[in-house]
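Visitor: Given next are the chains, with one letter for each unit.
There are 2 protein chains.
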Amino acid sequence: MEFIEGSITSPRGILAAGVASGIKKNNKPDLALIQINGLGTAAAVFTSNQVKGHSLLRSLNLMKEEFPVRAIVINSGNANACVGLQGDRDAEEMAVLTAETLGICPEEVFTCSTGVIGIPMPMDNVAQGISIAASALSQDEYAGHDACKAIMTTDTTMKEAVTSFYIGDSEICVAGMAKGSGMIHPNMATMIAVITTDCVVDRDFLQWSLRQVVEKTFNRVSVDGDTSVCDTAVIVSTGLAENEPIGFSGNRELDDNARAFLRSLESVCMRLARNIAADGEGATKLIDVRVDGAADAAAAYKVALTVARSPLFKTAMFGGDPNWGRIITAIGNSEVPISPERIDISLGSLKVCEGGAGLPFDEATASDILRQDEIIVTIDLNSGAYYDHYWTCDFSYDYVKINGSYRS
Amino acid sequence: MEFIEGSITSPRGILAAGVASGIKKNNKPDLALIQINGLGTAAAVFTSNQVKGHSLLRSLNLMKEEFPVRAIVINSGNANACVGLQGDRDAEEMAVLTAETLGICPEEVFTCSTGVIGIPMPMDNVAQGISIAASALSQDEYAGHDACKAIMTTDTTMKEAVTSFYIGDSEICVAGMAKGSGMIHPNMATMIAVITTDCVVDRDFLQWSLRQVVEKTFNRVSVDGDTSVCDTAVIVSTGLAENEPIGFSGNRELDDNARAFLRSLESVCMRLARNIAADGEGATKLIDVRVDGAADAAAAYKVALTVARSPLFKTAMFGGDPNWGRIITAIGNSEVPISPERIDISLGSLKVCEGGAGLPFDEATASDILRQDEIIVTIDLNSGAYYDHYWTCDFSYDYVKINGSYRS
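Just so you know, the sequences run in chain order A and B.
Quick note: the first sequence, position 366, residue 366 per my numbering, numbers continuous.
Quick note: the second sequence, position 392, residue 392 per my numbering, numbers continuous.
Just so you know, the hints here were simulated from the structure itself, not pulled from any lab data.
Check each hint, because a few of them may be wrong.
In silico BS3-like links for lysine-lysine, alpha-carbon gap of 30 Å or less [unchecked claim]:
no., chain 1, residue 1, chain 2, residue 2
1, B, K302, B, K149
2, B, K302, A, K302
3, B, K64, B, K216
4, B, K25, A, K216
5, A, K24, A, K149
6, B, K25, B, K64
7, B, K149, A, K24
8, A, K216, A, K64
9, A, K351, A, K302
10, B, K216, A, K302
11, B, K351, A, K25
12, A, K149, A, K25
13, A, K216, A, K302
14, B, K351, A, K351
15, B, K216, B, K149
16, B, K25, B, K216
17, B, K149, A, K351
18, A, K216, A, K25
19, B, K351, B, K149
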């Protein structure tokens, strides 16, 4: 799947804007507005955290009712979470203001907030932001980039991806943007991904596809190991590509067109997810923890997750220390039944542990491998045929710096 | 329970030594030897990590056979873990050398190793260390302190505690030492606690007591959230206090003497455990995460553990940021069913969240509380009558520094 230039406005019928409303200090962009013309077919996946932000809860309830989504309004700088009933009222007001400005129903407005928890939203700023953003809405590529900038919190890079493919003569575009430099920022209330497309697609299939893809992509990233109260991935379609509609065939099978759509969606989310891991707070490296030879799928997942979450492993990667003892210890902690004497571990192409025992290795070669921007750690449990992986990043001084005083 | 001056040599019949054998660089003490005269009644609890060090595995097998323990030999600087069959042979050789020197059986020697994983033990140094230590064995208080120094890795403080109580006319002494500045140092292979006593005590009761107490003390400390491959707590008794033997009464009930022993053991382990948390790698503060109002014991435990392990919570504590959003998010991540709208959170005596929503609070007061060496975080789930707690420490620049290049 090839990536092309563009932004979330690349699919037909998508307009966007990103503006500074004063929620954040120093006139930083903090409010994104996306208008979806056409069908507004939508699907979404939300955080599994039991504590959920008010803006998120509102969107979650809308999705249960299967409303079309004609606008998405996202603010950064305030999570609208843990502020009681006021938070529910503020989320609703965000939607009402957006709906009035765009001449649609509030139920057609999807709301997201990301930022500090426990402080009521500055609604005057939000109202002003919505008004300015509405007048700035544009199909221009740069309007999409602006929206992407406006949802960033501690992100240091913009995360965008655009692909296209054909169904018959219709060119279909799938585009995405995301924020979330840590997988969890309880206080910044983390990962938000917005995917736009012009594909005519059945809603149930869209929801199923998003869930599949999120599991393989965003749910395989750990920066500090947790979910936040505002994690949201939403996909919206204008249907303006006017392709032959895609969805499940009989028996919920997938035809070639459905597969092509799924591949395209996966490519976009994969790139966004990798970029989130690589841009983890204070991260200097992307680390791909690959687990092979597991007895079942759950074991492969659990081992990859446990290693990817280990602060000691992550600090060793920061220091460039080929300290595989921390990897095998994390494996032993994974609560998955393992046979320590079967475990092989490689850093890049360098095998450092075989059959659970250390191998002599060249420190200079190890050093070279750990100096790369991207490090692949391969663990073979030699106990079965299952594979999984997890992206993470290293754990640096800057992580502590960024998170030691985020609120201030 | 009052603490008294002393060291692990305070109970009658315990001799100790701590020497530098050259396993560690710069002539640092790295080998401790403890001789147990009298009965040698012993019990131990080992890591739950599935990967286990060779010295530890050897001791674990001895304890299954219920051998008395007449000597404990502990080296720091090398974990004797993940080196294959050589590791088993080296552990056995440590025991044989110790036994020969002291004129006892190798099966009466308990072995512990802590340090780097995956590198074979430098046995020449170990042999020399055992020989020097044997000739330095002494009942002097300072010999106990020397042993304590010799088991330290990244610890910055010595962790010792001594108590005494009476059974009839017999004064009983219970003393302990511990190392482990992080709960996990897979690479330093972590927590070791040695408890000595002169109490005449039944072996089954001793094993049961140790397990109870470890659960409440060492198993309530998290520095970075994991177990290591060498975690060991061992208790040995000389029986030289010549008290009326203590043990279970009929129906495994506890009489006053048994209770007094249990309280004494708990006091010693409690102090050691608190000191481990306070001396966490790079730690600047001890944090006690208390959870009340849980629906059951497991829920209270899980919530306390999840908060205590959250890197974001721990970095906020380092920064003195009264960022309770990170606490409530961690609670939501604990996989325990909770009602977010019932949660109250206090930092020290300052309530910052009530019914799941933020309260306005005085930043200066919060700042004062978070500047203390010890911070109590109280979470009330308001969903039941169960309580638990977990000690942890903050997460600082120095944690990253210490762990970014431990091996080198």
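Visitor: So, for every hint listed, does it hold in this structure?
Guide: Evaluated hints:
Only pairs whose Cα atoms come within 30 Å are accepted, and K302/B paired with K149/B is rejected, the gap being roughly 34 Å. Under the criterion of a C-alpha separation no larger than 30 Å, the hint pairing K302/B with K302/A is consistent with the structure, at around 18 Å. With a C-alpha separation of about 23 Å, the suggested pair K64/B and K216/B falls inside the 30 Å cut-off, and the hint holds. Between K25/B and K216/A the CA atoms are separated by roughly 46 Å; this puts the pair beyond 30 Å, and the hint is violated.
Between the alpha carbons of K24/A and K149/A the distance comes to roughly 13 Å, so the proposed pair stays at or under 30 Å and holds. Between K25/B and K64/B the alpha-carbon distance is near 35 Å, which puts this suggested pair outside the 30 Å criterion. Between K149/B and K24/A the alpha-carbon distance is near 51 Å, which puts this suggested pair outside the 30 Å criterion. With a C-alpha separation of about 23 Å, the suggested pair K216/A and K64/A falls inside the 30 Å cut-off, and the hint holds.
Under the criterion of a C-alpha separation no larger than 30 Å, the hint pairing K351/A with K302/A is consistent with the structure, at around 22 Å. A hinted pair counts as satisfied when its Cα atoms are at most 30 Å apart, and K216/B with K302/A qualifies at roughly 27 Å. With a C-alpha separation of about 27 Å, the suggested pairing of K351/B with K25/A holds against the 30 Å cut-off. Restraint check: the Cα-Cα separation between K149/A and K25/A comes to about 15 Å, which is no more than 30 Å; the hinted pair holds.
Distance check on the hinted pair: K216/A and K302/A sit about 14 Å apart at the alpha-carbon level, within 30 Å; holds. Restraint check for K351/B and K351/A: the C-alpha separation of about 52 Å exceeds 30 Å, so the hint is violated. For a cut-off of 30 Å, the pair hint linking K216/B to K149/B stands: about 25 Å separates their Cα positions. Simply put, K25/B and K216/B have alpha-carbon atoms about 36 Å apart, too far for the 30 Å limit, and the pair is violated.
Between the alpha carbons of K149/B and K351/A the distance comes to roughly 36 Å, so the proposed pair goes past 30 Å and is violated. Between K216/A and K25/A, the direct Cα distance comes to roughly 36 Å. Violation of the 30 Å bound is thereby established for this hinted pair. Distance check on the hinted pair: K351/B and K149/B sit about 41 Å apart at the alpha-carbon level, beyond 30 Å; violated.
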